[in-house]
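Could you slot chain B onto chain A? The hints should help.
Residues per chain are reported as follows:
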Amino acid sequence: DVKVTQSSRYLVKRTGEKVFLECVQDMDHENMFWYRQDPGLGLRLIYFSYDVKMKEKGDIPEGYSVSREKKERFSLILESASTNQTSMYLCASRRQGSYGYTFGSGTRLTVV
Amino acid sequence: EDKVVQSPLSLVVHEGDTVTLNCSYEVTNFRSLLWYKQEKKAPTFLFMLTSSGIEKKSGRLSSILDKKELFSILNITATQTGDSAVYLCARGENDMRFGAGTRLTVKP
Chain A
375 DVKVTQSSRY LVKRTGEKVF LECVQDMDHE NMFWYRQDPG LGLRLIYFSY DVKMKEKGDI
435 PEGYSVSREK KERFSLILES ASTNQTSMYL CASRRQGSYG YTFGSGTRLT VV
Chain B
213 EDKVVQSPLS LVVHEGDTVT LNCSYEVTNF RSLLWYKQEK KAPTFLFMLT SSGIEKKSGR
273 LSSILDKKEL FSILNITATQ TGDSAVYLCA RGENDMRFGA GTRLTVKP
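Just so you know, the protein sequences line up as chains A and B, in that order. If you're matching positions, the first sequence starts at 375 in this note's numbering and goes up one per residue. If you're matching positions, the second sequence starts at 213 in this note's numbering and goes up one per residue.
Bound-form chain A, shown alone (with noise of 0.2 Å):
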């Protein structure tokens, strides 16, 4: 069974603290995607990759950084995080060139 694993499903942190959430897949899927999902606004994306150690800025990115050192895996960086960065935070990823997104369980992350 395909898999995208999020290695934390909840997570709290302060603010200020450097933040990681990551992000495996085991489909060897060259796209992988990072989004917040708050109430009322849907999911919203942050950043994307296309393959290893590229990157794109989505619609939200102030505030994170990501890095894809490795094929299977995506973090998600929260330099200093904020009380306005607590969100649910899912992570896809897709096969280069087709429609199908593979989410995985989310991380809920508290910033107090």
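Be aware that one or more of the hints could be misleading.
Claimed, not checked - PhoX-like, lysine-lysine: derived pairs with alpha carbons at most 20 Å apart:
{"#": "1", "chain 1": "B", "residue 1": "K249", "chain 2": "A", "residue 2": "K377"}
{"#": "2", "chain 1": "B", "residue 1": "K215", "chain 2": "A", "residue 2": "K431"}
{"#": "3", "chain 1": "A", "residue 1": "K427", "chain 2": "A", "residue 2": "K445"}
{"#": "4", "chain 1": "A", "residue 1": "K377", "chain 2": "B", "residue 2": "K252"}
{"#": "5", "chain 1": "B", "residue 1": "K249", "chain 2": "B", "residue 2": "K269"}
{"#": "6", "chain 1": "A", "residue 1": "K377", "chain 2": "B", "residue 2": "K253"}
{"#": "7", "chain 1": "B", "residue 1": "K268", "chain 2": "B", "residue 2": "K279"}
{"#": "8", "chain 1": "A", "residue 1": "K444", "chain 2": "A", "residue 2": "K427"}
The set of hints was computed from the structure by calculation and includes no laboratory data. No experiment lies behind these values; they were computed from the predicted model shown.
Chain B in isolation, oriented as in the chain A frame:
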């Protein structure tokens, strides 16, 4: 900026009712429109639509796309409590962009 707008934002119905969820989009270079169902965790894929007027069907769920009027609908007939979820519509380009979702609650 490309936009995907869903309506209504929330809907409460009773078991057995039929519901229609709406998704309109403003995109350049349209390629596809996708519907997802999200319960407690990750969104799960329902339909992908690329051509106007061709209905996609899966059990009690069906969806159709109108590329001229730039919208899609998702129909659910004979709703069940297990249909309660957030339904997400997304335009499928190189980077998928979602609408805000419709939260459907089906009461027994």
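Quick rundown of the hints versus the structure:
1. B:K249 x A:K377: Holds: K249 of chain B and K377 of chain A sit about 17 Å apart, inside 20 Å.
2. B:K215 x A:K431: Since the Cα atoms of K215 of chain B and K431 of chain A sit roughly 17 Å apart, the hinted pair holds (cutoff 20 Å).
3. A:K427 x A:K445: Answer holds: K427 of chain A to K445 of chain A is near 8 Å, not above 20 Å.
4. A:K377 x B:K252: Since the Cα atoms of K377 of chain A and K252 of chain B sit roughly 17 Å apart, the hinted pair holds (cutoff 20 Å).
5. B:K249 x B:K269: 15 Å, holds
6. A:K377 x B:K253: 13 Å, holds
7. B:K268 x B:K279: Holds - the C-alpha atoms of K279 of chain B and K268 of chain B are around 15 Å apart, at most 20 Å.
8. A:K444 x A:K427: 8 Å, holds
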